[in-house]
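Peer 1: According to numbering that gives the first Met the number 0, the residues represented by the sequence shown are 0 to 359, in order.
Take these hints with a grain of salt, some might be off.
[Claimed, not checked] Pairwise CB distance ranges, derived in the manner of DEER restraints:
1) 21 with 193: 35 to 41 Å
2) 11 with 259: 50 to 56 Å
3) 272 with 37: 31 to 37 Å
4) 15 with 276: 48 to 54 Å
5) 33 with 6: 14 to 20 Å
6) 64 with 32: 25 to 31 Å
7) 343 with 33: 26 to 32 Å
8) 33 with 196: 18 to 24 Å
FYI, nobody ran anything at the bench for these hints, they're computed from the structure.
Cβ atoms here follow ideal geometry from the backbone N, Cα and C, with glycine treated the same way.
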Amino acid sequence: MDILRSVRTVAEAEGPGVVDWDRAAAAAKDATDPGSIALSDAERAGYAADVRDARSRLAEVAGIEFDVPDTVEVQNRHHWIDASVGTFRRVMDPIEAAAAGDGAEAGAVGNPGTDSIDVMPDSAPGPGGPAAGAAFAQDLSRVANTGSMAFALGFLARNVLGQYDPLLLADEPDADHGLYFVHPNIVAVASALDVDYPRFRRWIAFHEVTHAAEFGAAPWLPKYLESRVERGVEGMVGGVEGMTGRGLDPDAFAELQTAMTAVEGYAEVLMDRAFDGEYADLRRKLDERRGGGGPVRRLARRLLGLGLKRRQYERGAAFFRHVADARGVEAAGAVWERAENLPTAGEIDDPEAWLVRVDP
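With the sequences and hints as input, model every part of the structure.
Peer 2: Next comes the structure, spelled out in C-alpha cells:
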C-alpha cells in the first residue's frame, strides 16, 4: 500500500474521457492492501459447500428454481477492483460519450458549413487564451474525477464481503453472471466482530446466493434495472435545463431505488429464514458495523451513498417480513413473477396495500 504513489497516479490522469479508468484502478490498488487469498484445503472446500448448501436450502424455503454461476471466485481486494471497474465504466459510458461530444463542439472554429480565415491574429487564442483555459479545466476535472473514482473503488474494496454480479449493461448479453467473495475482508470482519469465521463466511454465502435466487426467479429483472440506470444517466447527460430541454429523470431513479429496496429487503429476510444456524448475533453485529466506524469511515459512507443502501435494507426487510408473516415466504416471492408485482414506493411502507393489489 503506497498512498503517495496513489496520489501521483491520480495526478497523471490523461486521455479524452471524464475519468482515466486505468489510473483510477491503479491508484485504488496503490492505496489498498490486497490481502491474502492463500486458502487452505478446508477453506476451499468450505466456500464450495457453503454455496452448494445455500442454493439447496434457499430453493427449498423460497420455492423457486435458480442457478448459481458455474465458477465462484474467491478474490483479494485488488481482484475485486479489477472485476468492478468495468461495471463503473459501463454506467459512465453515456456521460463519457456526451463529454467527448461537447469537447468536439467546443474545439470547433468558425461557423458550421463555412470556410473561415482569421484576419486578426492578435485575437487568436494563444497559450493563455480561451482554448488553453478550457483544456486546463478539462484536465483538472479529469484528475478530480479519477481521484474520486479511485477513492470509491479503494473504499469499497476494503469493505465489500461478497457480491453477486448479474453483469448489468454487459457488452455481451449472454455473459455468465458472477459470484465473488473478498476473502481478506471476510476474515478481517469476522475477527473484528469476534464471531466464528466459518459460520460468518457461510452466512455471507447465503446472502449472496439469495441475490442469485432473486435474479434467477426474475429473468426480467436485469433488463428492468438496466433501463432505469440508462434512463437516469441519459437524463443527467441531457445537460442543464433550458439548454437541451432535458434533465434528471426522477421517475427512473425512483423506480430504480424502489426495485433495489425490494432486492435488498428480500435477500435479508430470505437468508435469515433459510440459514441453517444461529444468526441473531451475526445480524446485530453486522448492522452495528454498517452504521458505525470512525468519522472518516462515516464520511466516506455518506459520500458514497451507503447510508441509503442501509435504509434500503431496513425498509425492504420490514416489507418482506410483513408479507412473509402474513402469507408465507413463497407469497413474498411473487414480487419476482413480473415487473408489475414490484412494490411501489408507497407500498414498501404499506405492505398491506401490496397484498391487496397483488393478492399472492
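Peer 1: All hints are to be evaluated individually against the structure, with a verdict given for each.
Peer 2: Okay, the hints, checked on the actual structure:
The hinted window of 35 to 41 Å between residue 21 and residue 193 holds, with their beta carbons roughly 40 Å apart. Range check, residue 11 to residue 259: about 35 Å between beta-carbon atoms, so the 50 to 56 Å window is missed. Between residue 272 and residue 37 the C-beta distance comes to about 35 Å, which sits within the given range of 31 to 37 Å. Take residue 15 and residue 276: their Cβ atoms lie about 52 Å apart, and the range 48 to 54 Å holds.
Against the hinted window of 14 to 20 Å, the Cβ-Cβ separation of residue 33 and residue 6 comes to about 19 Å, which satisfies the hint. For residue 64 paired with residue 32, a C-beta distance near 40 Å fails the hint of 25 to 31 Å. Range check, residue 343 to residue 33: about 43 Å between beta-carbon atoms, so the 26 to 32 Å window is missed. Taking the beta carbon of each, residue 33 and residue 196 are about 19 Å apart, inside 18 to 24 Å as hinted.
When each numbered hint is compared with the structure, violations occur for hints 2, 6, 7.
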